[in-house]
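A.B. asks: These are the residues of each chain, in order.
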Amino acid sequence: MIAYRELEARLRECVDLYDREVPPIRDFERRIMARVAITPREEGPRRSLRHDVLLSALVAAAILGLAIAITAGVRLGLMRQPNVPVKHSQQFSAVPCISNFTQLGFGNGPIWPAKMVSPTIGWAKGGLRTTDGGVHWRDVSGPALREGSASRLYPPGYADFYLDGQHAWQAAVYGSTTSCNDHLSTFATSDGGNTWKQSGPVPLNLPSGHQTGTVQIGFMSPLAGWLWVPTGSASATGDPFFPSVTGANLYATSDGGMTWRQLSSLSSSYFKGFAAPPGSNCKPGPGAIAFSSPSVGWVSVNCTDTILITRDAGASWKVQTFPTSGLACPCHVQLPNFLDVSHGITVASGSDNKATDLLLMTTDGGTTWRESAHPGTGYLLQIDAVDANRLFALVTPPGWTKVSNTGFELYRSVDGGGSWTLVNGDVPASWPPGYLQFVDSNHGFESNINGAADLLTTDNGGRSWKSITPAIK
Amino acid sequence: MPTRLPAWPESGVWVKDDDRAWFEPLVRNLSHPALKYAQMLVLNTDVAQEIVQEAFARVWASAKTPSREDEFRRWLYRIIANLANDYHRRQAISGRASLPHASLVDPVEEVEQRDQRKLLLAAMKRLTPKARQAVYLRYFEDRSFAETAGVMGLPQVTVRVIVHRALATLRQRLASRRVDEVAV
Numbered sequence: 002m003i004a005y006r007e008l009e010a011r012l013r014e015c016v017d018l019y020d021r022e023v024p025p026i027r028d029f030e031r032r033i034m035a036r037v038a039i040t041p042r043e044e045g046p047r048r049s050l051r052h053d054v055l056l057s058a059l060v061a062a063a064i065l066g067l068a069i070a071i072t073a074g075v076r077l078g079l080m081r082q083p084n085v086p087v088k089h090s091q092q093f094s095a096v097p098c099i100s101n102f103t104q105l106g107f108g109n110g111p112i113w114p115a116k117m118v119s120p121t122i123g124w125a126k127g128g129l130r131t132t133d134g135g136v137h138w139r140d141v142s143g144p145a146l147r148e149g150s151a152s153r154l155y156p157p158g159y160a161d162f163y164l165d166g167q168h169a170w171q172a173a174v175y176g177s178t179t180s181c182n183d184h185l186s187t188f189a190t191s192d193g194g195n196t197w198k199q200s201g202p203v204p205l206n207l208p209s210g211h212q213t214g215t216v217q218i219g220f221m222s223p224l225a226g227w228l229w230v231p232t233g234s235a236s237a238t239g240d241p242f243f244p245s246v247t248g249a250n251l252y253a254t255s256d257g258g259m260t261w262r263q264l265s266s267l268s269s270s271y272f273k274g275f276a277a278p279p280g281s282n283c284k285p286g287p288g289a290i291a292f293s294s295p296s297v298g299w300v301s302v303n304c305t306d307t308i309l310i311t312r313d314a315g316a317s318w319k320v321q322t323f324p325t326s327g328l329a330c331p332c333h334v335q336l337p338n339f340l341d342v343s344h345g346i347t348v349a350s351g352s353d354n355k356a357t358d359l360l361l362m363t364t365d366g367g368t369t370w371r372e373s374a375h376p377g378t379g380y381l382l383q384i385d386a387v388d389a390n391r392l393f394a395l396v397t398p399p400g401w402t403k404v405s406n407t408g409f410e411l412y413r414s415v416d417g418g419g420s421w422t423l424v425n426g427d428v429p430a431s432w433p434p435g436y437l438q439f440v441d442s443n444h445g446f447e448s449n450i451n452g453a454a455d456l457l458t459t460d461n462g463g464r465s466w467k468s469i470t471p472a473i474k
Numbered sequence: 326m327p328t329r330l331p332a333w334p335e336s337g338v339w340v341k342d343d344d345r346a347w348f349e350p351l352v353r354n355l356s357h358p359a360l361k362y363a364q365m366l367v368l369n370t371d372v373a374q375e376i377v378q379e380a381f382a383r384v385w386a387s388a389k390t391p392s393r394e395d396e397f398r399r400w401l402y403r404i405i406a407n408l409a410n411d412y413h414r415r416q417a418i419s420g421r422a423s424l425p426h427a428s429l430v431d432p433v434e435e436v437e438q439r440d441q442r443k444l445l446l447a448a449m450k451r452l453t454p455k456a457r458q459a460v461y462l463r464y465f466e467d468r469s470f471a472e473t474a475g476v477m478g479l480p481q482v483t484v485r486v487i488v489h490r491a492l493a494t495l496r497q498r499l500a501s502r503r504v505d506e507v508a509v
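Heads up: the protein sequence lines correspond to chains A and B, in order.
Just so you know, the working numbering puts 19 at position 18 of the first sequence, and the rest follows in order with no gaps.
Just so you know, the working numbering puts 399 at position 74 of the second sequence, and the rest follows in order with no gaps.
FYI, nobody ran anything at the bench for these hints, they're computed from the structure.
The beta-carbon is built from N, C-alpha and C at its ideal position, and this holds for glycine as well.
Here are the in silico distance ranges between beta carbons for each label pair:
no.	chain 1	residue 1	chain 2	residue 2	range
1	A	A145	B	E466	45 to 55 Å
2	B	S469	A	S281	14 to 24 Å
3	A	M221	B	K389	40 to 50 Å
4	B	V486	A	S268	29 to 39 Å
5	A	R371	B	A500	33 to 43 Å
6	B	S469	A	A145	49 to 59 Å
7	A	L18	B	E349	25 to 35 Å
8	A	S191	B	E466	46 to 56 Å
9	A	P24	B	E349	17 to 27 Å
With a cut-off of at most 30 Å between alpha-carbon atoms, the simulated BS3-like pairs for lysine-lysine come out as follows:
no.	chain 1	residue 1	chain 2	residue 2
10	A	K198	A	K116
11	A	K126	A	K116
12	A	K284	B	K450
13	A	K126	A	K198
14	A	K284	B	K389
15	A	K474	A	K126
Take the sequences, apply the hints, and build the full model.
C.D. replies: Quick look at the structure:
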C-alpha cells in the first residue's frame, strides 16, 4: 500500500492535471461582473476606523435625541396616540439587511419546470406559465411579489407551489423598518395568474441575528395548505445567505392562503438528540418537509439520514423507519412523494455507492412501506406517477458512465410498480436529469436538473422524444 | 492596463465604495481558482460556473465582505461551499429520485485512467464532498491545516481527522485497484 508521504506528494502532482481539466473560461470574469452589475448592495458606508468613530458619535447623538424626544413626547401627551402599524417594505434602507433579491436556481437553463397539468398547460418555478406545451413561458407572478419590478429577481425566502392549471401560490419573506425578516406574505391565484390575492403578513418574530432558511409551501386542495419556515442564525455558517437552521415553524391555511395559523414549532432543543456524522460540525436541524394529507407529514433531519413523521399536523413527531434490508447502511431515504393520501413513493439508497437503491411504496398513507420491483438494473434517476397504477421511471442503462454520452432507459409500470416494461432504451436526456413528468399515459416532459435549456416532450408514452427550446415571452 | 489596488489602510481594511474598481481585481485574480474549487465540490461544470457567479454576487452584495484578498478569498470559498451544499440539498428536494454526482461509480472512466495521477484524481472525486473540500484545499491549494480549517470553518483538529481519513480511503482505493490490475 502506498505510503502517506508518497500519496501526499502525488496529490500535489495532480494539480497540473486538474488545471487542465478545469481550464480558464473565456468571458467568465465578464459574466461575473455582469452578474455583479445587477446585484444590489447593502446600503450604508463600508466599515473603517474613521467610520466606526463617526458611527459611534452618530449613535450616541441619536440616543440622546431619542431620550429628549421621548421626554418631550410624554410631556406633550403624544405617547397617547394609537399605535402606528409597522410599514412593511422591501426597501432595506432602515436596517442593514443582508438578504437580497436573487435569481432562482442554478445552471444556464432559463426554465425550471415545476408542474405540467396537461399536454399544453404547465408551470415553472418563479410563476412562469406555458399554454403551448412548454415552447413559450410567461411570468404571471403578481406585481406585489416584487413590487412591480420587471426584473426576474425574487425576494428572500421565495417559494412556490402549483396545484393545477389555475391554482398557484407564491411566498416570500419581507423586511420592515425594524427588521430584515419581519414577516412572510403569500400570494394566491385561482385563475392561472391573471389575478393574485395577497395574504395578511405572517409575523416571523425571529430573535436578533436569526433569519429564514429554505421556505416551502404546499396545498392539498385549493383551500387547504401548509407553510414550512425553517429559521436559524447565519453567524454559525459565516455566510449571511445560509443560516444554520436550528428550528422551524409550521403554519396551515384553510382559506386558500389568505390567513395562516401556526400549527407547531420545532425548536433547536428537539434536535439535540440527533447526531451528525463524526468529524462534521454540521448541526442537526429541520430540513425539507412533505405532506400526504393535512395531518400526515414527513420532515428530514439535516446532517443525518433520519426522517420524522407526524400524524397530528406537527403536534408530535417520531422517527419513521423504512425497510432497507439488502442495502449497505447507513442508508439515505428520500422524503416521500405522495400521489394522494394513501399512495406514496420514496427511494432508499445505501452508502456503498452501488446502484442497489430500493424503490419503496406505501398504499396506506405511510404506515407501512414495501419494496417494489426495481425498473432496470442501473441507477434510478427519476420516477413519476400519473396515478397510483401508472408509473414511469428513468434509469441508467447497463454499463452507463457519465462519459458514455448515451441516453437513458425509460420504464413504465401499469400495476403500481409491481412490474416494469422497457419503453425506450435511449431517451436523449442530458445529464443530470432533474425533472420527469407524465400528465397522462402518452404525454410526458423531461428536463435537466440545471434548468431546461432544452425541454424534451413525448406524445406517445415515451417511445420517441422531441426537443424544444423554451423561451420566456 | 492593470488595475491598481487601492492603498492599504492602517486598519487593514479597505474602505469600499460603490465603485466596482476594488472588486474587479479580486474577480480577475480569484475567478479561476474559485471555479476549480467549486468544480471539485459539485463535479459539474455548469453548476460550478453558476455557483461562482452567484458567490461573487453575494460577496459584492454584503457590506461585511472583507477587501483584503486572503480574507476575501476565505469568505468567497465559504460561500461557494455553502452554495454547493445548497445545490446538493436542492437536488434532494426537487429531484423525485435524484442521485448525488459524487456517488457514481464510473467504471469506464476508471479503466481509461490507467495513469496513476488520473487514477488518484478519479479516486479523489469519489470522496465525500467534505473530504474533497479538505483534500483540495490542503494539497491542491497547498494550504496549511490552519488555513484549511479557517476556510472550512472547522476546528483544525477536525480538519486533520477529515484529511487523514480521506488519505486512508485513497490509499485503500489505490491499493484495491492495484490488486485488481494484478488479478487481471
